[in-house]
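2 protein chains.
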Amino acid sequence: MEFLGKTMVHECLKQEMSADPWIPIPEEIRELYIQAGRPRPLYRARRLEKYLKLKKVRLYYKREDLSPTGSHKVNTALAQAYYAAKEGKTALVTETGAGQWGSALAYAASIMGLKCVVFWVRAVYDWKTERRTLIKLLGAEVHASPSKETNIGRTLLTQNSNHQGSLGIAVSEGLEYAEKHGDSVYCLGSVLNHVLIHQSVIGLETIKQFELADDDPDLIVGCLGGGSNFGGLALPFAGEVLQKKRECEFLASQSQAAPNLVEGEYRYDFGDVAEHTPLLKMYTLGHKTDMVPIKADGLRYHAAAPLISALRHHNIVKAVAYPADEKAIFEAAKIFLQTEGWLIAPESSYAVRAGIDEALKAEKAGQEKVICMNISGHGFLDLVAYKEKLGL
Amino acid sequence: MEFLGKTMVHECLKQEMSADPWIPIPEEIRELYIQAGRPRPLYRARRLEKYLKLKKVRLYYKREDLSPTGSHKVNTALAQAYYAAKEGKTALVTETGAGQWGSALAYAASIMGLKCVVFWVRAVYDWKTERRTLIKLLGAEVHASPSKETNIGRTLLTQNSNHQGSLGIAVSEGLEYAEKHGDSVYCLGSVLNHVLIHQSVIGLETIKQFELADDDPDLIVGCLGGGSNFGGLALPFAGEVLQKKRECEFLASQSQAAPNLVEGEYRYDFGDVAEHTPLLKMYTLGHKTDMVPIKADGLRYHAAAPLISALRHHNIVKAVAYPADEKAIFEAAKIFLQTEGWLIAPESSYAVRAGIDEALKAEKAGQEKVICMNISGHGFLDLVAYKEKLGL
Chain A
103 MEFLGKTMVH ECLKQEMSAD PWIPIPEEIR ELYIQAGRPR PLYRARRLEK
153 YLKLKKVRLY YKREDLSPTG SHKVNTALAQ AYYAAKEGKT ALVTETGAGQ
203 WGSALAYAAS IMGLKCVVFW VRAVYDWKTE RRTLIKLLGA EVHASPSKET
253 NIGRTLLTQN SNHQGSLGIA VSEGLEYAEK HGDSVYCLGS VLNHVLIHQS
303 VIGLETIKQF ELADDDPDLI VGCLGGGSNF GGLALPFAGE VLQKKRECEF
353 LASQSQAAPN LVEGEYRYDF GDVAEHTPLL KMYTLGHKTD MVPIKADGLR
403 YHAAAPLISA LRHHNIVKAV AYPADEKAIF EAAKIFLQTE GWLIAPESSY
453 AVRAGIDEAL KAEKAGQEKV ICMNISGHGF LDLVAYKEKL GL
Chain B
103 MEFLGKTMVH ECLKQEMSAD PWIPIPEEIR ELYIQAGRPR PLYRARRLEK
153 YLKLKKVRLY YKREDLSPTG SHKVNTALAQ AYYAAKEGKT ALVTETGAGQ
203 WGSALAYAAS IMGLKCVVFW VRAVYDWKTE RRTLIKLLGA EVHASPSKET
253 NIGRTLLTQN SNHQGSLGIA VSEGLEYAEK HGDSVYCLGS VLNHVLIHQS
303 VIGLETIKQF ELADDDPDLI VGCLGGGSNF GGLALPFAGE VLQKKRECEF
353 LASQSQAAPN LVEGEYRYDF GDVAEHTPLL KMYTLGHKTD MVPIKADGLR
403 YHAAAPLISA LRHHNIVKAV AYPADEKAIF EAAKIFLQTE GWLIAPESSY
453 AVRAGIDEAL KAEKAGQEKV ICMNISGHGF LDLVAYKEKL GL
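Chains A and B are the protein sequences, given in the same order.
Just so you know, we're using the working numbering here: the first sequence kicks off at 103 and counts up by one.
Just so you know, we're using the working numbering here: the second sequence kicks off at 103 and counts up by one.
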């Protein structure tokens with residue numbers, strides 16, 4: 103705890119441990135959300151419904167892709183940047199794998215006038231040149247990890263000057279950097295309670311939007327790696343389910359490359375390979391599990407957030423895992439683009455895939471059903487993956 | 103006219119010649135606009151104002167970047183696709199240079215269930231692999247031009263099997279293809295009256311949004327190549343200026359690579375190199391002028407739309423041209439990203455550059471001024487240009 107107190111935002115730690123049912127969103131953060139394009143629209147997928155010949159099933163989707171850096175990650179990045187600035191910190195430090203979280207934090211730092219330092223797994227840093235340009239353009243300092251900025255980085259580079267890095271190493275570097283620079287804090291982009299709390303703005307908005315549409319979802323579908331976009335949409339609805347204010351089911355769509363909710367064990371585990379984090383009670387595949395590469399890199403995580411894992415344990419959240427070749431996933435993304443017109447991230451395509459499958463199942467059973475899918479991000483920086491997977 | 107009648111959408115030709123002050127937008131097109139994210143927001147650039155230390159000047163920007171294919175081009179693409187389908191056509195044919203227009207038309211065709219054939223200048227087709235993937239993903243047939251699909255293409259390829267093509271050649275191929283396939287029509291993405299009429303939805307929305315904001319622009323700024331995004335925002339305001347219902351100035355921001363409004367002659371000229379189009383009265387640099395390459399490829403056009411040229415001739419529209427090295431342009435885009443948080447297209451950065459310059463000028467003169475800039479597109483597919491121009 104002393105280490106955490108030194109390296110993390112205090113308000114975030116307080117929220118992490120809070121038992122309060124509601125934590126107010128400060129006026130300043132709400133203004134930052136407006137600047138970032140909130141509220142984001144909820145769409146009825148009428149053209150997709152028509153394509154699928156649905157008569158009894160209605161499909162909706164929430165547009166988190168309409169975000170400055172292309173994903174829902176900005177929701178927590180802005181909150182963390184705001185609290186860090188308020189606590190007198192001048193720099194935000196983090197690790198990133200796929201790069202979505204690194205760019206979201208770089209954006210938030212830029213908007214708040216803070217410095218940002220990103221340690222980016224070298225294996226990804228080297229080829230994602232466009233997202234790297236975006237992070238630099240946002241004014242952040244970005245290092246391929248392992249880097250020469252830290253002791254652990256220097257040690258690893260001595261052993262192998264072309265070390266490809268890992269998320270665990272990048273976390274270690276970030277924490278070492280944050281500990282050594284008293285004016286900086288370490289920020290996390292998923293899994294933890296405070297991150298999911300910040301993301302819950304997605305679901306809070308969606309509840310109001312369904313009221314305006316005079317409709318109600320029977321099923322919430324989202325993709326799930328660590329759980330931040332899924333939790334963001336699902337938790338406010340789940341809260342009302344637990345209070346018996348509404349009936350609604352929840353389905354997490356995963357990859358068989360990392361089916362933590364489907365095949366994981368519910369037990370205490372570390373959040374990172376290097377065992378820096380506290381132990382968290384989660385559905386986990388084991389923090390040292392190797393996972394095959396997939397294009398939806400944001401879903402490649404060994405465990406699901408404690409909040410989601412608890413809901414899974416009580417059978418409130420269900421889960422499905424799709425084959426790691428991702429053929430069905432990219433096919434769903436293509437159908438979505440050609441009907442609804444929006445190019446979505448590979449990760450979000452898991453939500454659409456599961457949404458389509460559930461819709462067809464209900465339709466076949468003659469069951470009336472309203473399904474809401476979360477579109478966690480856009481695919482403008484993922485066209486290389488589309489080209490490869492669909493042979494274009 | 104016979105040739106045009108055979109290859110173009112009749113409703114568009116009718117609108118092209120119309121003297122009606124108002125042409126209603128059919129309900130179906132309005133629904134397509136909603137699907138494509140309209141109305142698009144008008145933002146007050148408070149953070150940019152603060153960065154520029156503005157006290158007397160207020161800055162606004164219209165968000166045409168929040169578009170399925172990343173630019174305002176979808177506004178006319180959807181209208182043209184709708185009318186084509188209504189006239190029983192089953193395929194839309196076009197040329198594209200930078201690729202924005204080709205992807206917008208591919209999107210509209212996909213949404214309307216039509217076939218789409220794009221002839222894309224080979225010099226650009228070869229390196230813009232990601233936009234090419236997007237066009238294919240939208241289900242369009244895309245050919246590097248010159249292609250083997252047409253007589254003129256085959257002839258040119260016999261002379262040089264690696265012919266790099268030009269916009270003029272691509273237009274010729276498209277027209278030949280459309281003429282030979284009776285079920286198809288040729289669609290244009292800028293310059294013509296009906297295109298600017300379709301784009302005027304931008305300005306019509308913006309007038310209402312300024313009413314809601316209880317403010318009024320003194321200056322409208324947009325980038326200008328052929329004039330479709332500029333006209334889209336400016337024309338509804340200009341109409342009210344001509345009717346003496348409001349006072350407002352208009353500034354077109356151009357590149358010195360193609361300063362048609364700044365240095366062009368006001369006379370009849372062709373719209374294309376190959377002299378296929380009717381003669382149009384425009385400010386023109388001459389339809390055979392060579393233009394140096396710039397990153398804001400959408401601004402590289404030899405003449406300004408007849409409607410904009412007429413307003414320039416009557417001194418209602420003014421124009422400025424920035425150096426072709428684009429340093430000042432990308433610097434403005436970076437400032438915009440780091441303050442407002444949105445990554446904009448190189449073309450749109452000309453509007454922001456001119457908006458910033460005009461704001462600083464007014465501020466220095468102690469003049470109160472409200473400036474509205476048009477953000478015609480996003481920059482997620484232009485990060486390579488950002489990297490090169492800003493040395494990231």
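Incorrect hints may have been included.
Since copy identity is lost for identical chains, a pair holds within one copy or between any two.
[Said to hold, decoys possible] As a list, the in silico BS3-like pairs of lysine-lysine whose alpha-carbon atoms are at most 27 Å apart:
no. : residue 1 : residue 2
1   : Lys238    : Lys347
2   : Lys436    : Lys346
3   : Lys463    : Lys155
4   : Lys489    : Lys217
5   : Lys116    : Lys188
6   : Lys489    : Lys238
7   : Lys466    : Lys390
8   : Lys188    : Lys158
9   : Lys188    : Lys436
10  : Lys238    : Lys152
11  : Lys108    : Lys250
12  : Lys436    : Lys217
13  : Lys489    : Lys157
14  : Lys217    : Lys346
15  : Lys188    : Lys157
Hints in this document: simulated from the structure, not taken from any laboratory.
Please read all numbers here as calculations on a predicted model, not as lab measurements.
Verification of the hints:
1. Taking the shortest alpha-carbon separations for Lys238 and Lys347, neither the intra-copy value of 46 Å nor the inter-copy value of 46 Å comes in at or below 27 Å.
2. In this assembly of identical chains, Lys436 and Lys346 lie within 27 Å of each other by CA distance neither inside one copy nor across copies; the values are 38 Å within and 49 Å between.
3. In this assembly of identical chains, Lys463 and Lys155 lie within 27 Å of each other by CA distance solely inside one copy; the values are 12 Å within and 58 Å between copies.
4. In the homo-oligomer, the alpha carbons of Lys489 and Lys217 lie at most 27 Å apart only across protomers (20 Å), although the nearest pairing inside one protomer, at 35 Å, exceeds that limit.
5. In this assembly of identical chains, the alpha carbons of Lys116 and Lys188 lie at most 27 Å apart only when taken from the same copy (14 Å versus 60 Å across copies).
6. When the C-alpha separation of Lys489 and Lys238 is checked against a cutoff of 27 Å, the pair qualifies both within a copy, at 26 Å, and between copies, at 9 Å.
7. Within a single copy, Lys466 and Lys390 get their C-alpha atoms no closer than 41 Å, and across copies no closer than 61 Å, so neither meets the 27 Å cut-off.
8. Proximity of Lys188 and Lys158 under a CA criterion of 27 Å is satisfied in neither setting, with 50 Å inside one chain copy and 29 Å between copies.
9. For the identical chains of this complex, Lys188 and Lys436 are inter-copy neighbours only, at 26 Å across copies versus 44 Å inside a copy, given an alpha-carbon limit of 27 Å.
10. Taking CA atoms no more than 27 Å apart as the test, Lys238 paired with Lys152 passes between copies only; the shortest distance there is 22 Å, against 43 Å inside one copy.
11. Taking the shortest Cα distances, Lys108 and Lys250 sit within 27 Å of each other inside one copy (23 Å), while across copies they are farther apart (66 Å).
12. With identical chains, the CA atoms of Lys436 and Lys217 are at most 27 Å apart between copies only, with a shortest distance of 16 Å across copies and 38 Å within one.
13. Within a single copy, Lys489 and Lys157 get their C-alpha atoms no closer than 33 Å, and across copies no closer than 49 Å, so neither meets the 27 Å cut-off.
14. Within a single copy, Lys217 and Lys346 get their C-alpha atoms no closer than 45 Å, and across copies no closer than 50 Å, so neither meets the 27 Å cut-off.
15. Taking the closest pair of Cα atoms, Lys188 and Lys157 come within 27 Å of each other only across two copies (26 Å); inside a single copy the shortest separation is 52 Å, beyond that limit.
Going through the hint list in order, the structure does not satisfy hints 1, 2, 7, 8, 13 and 14.
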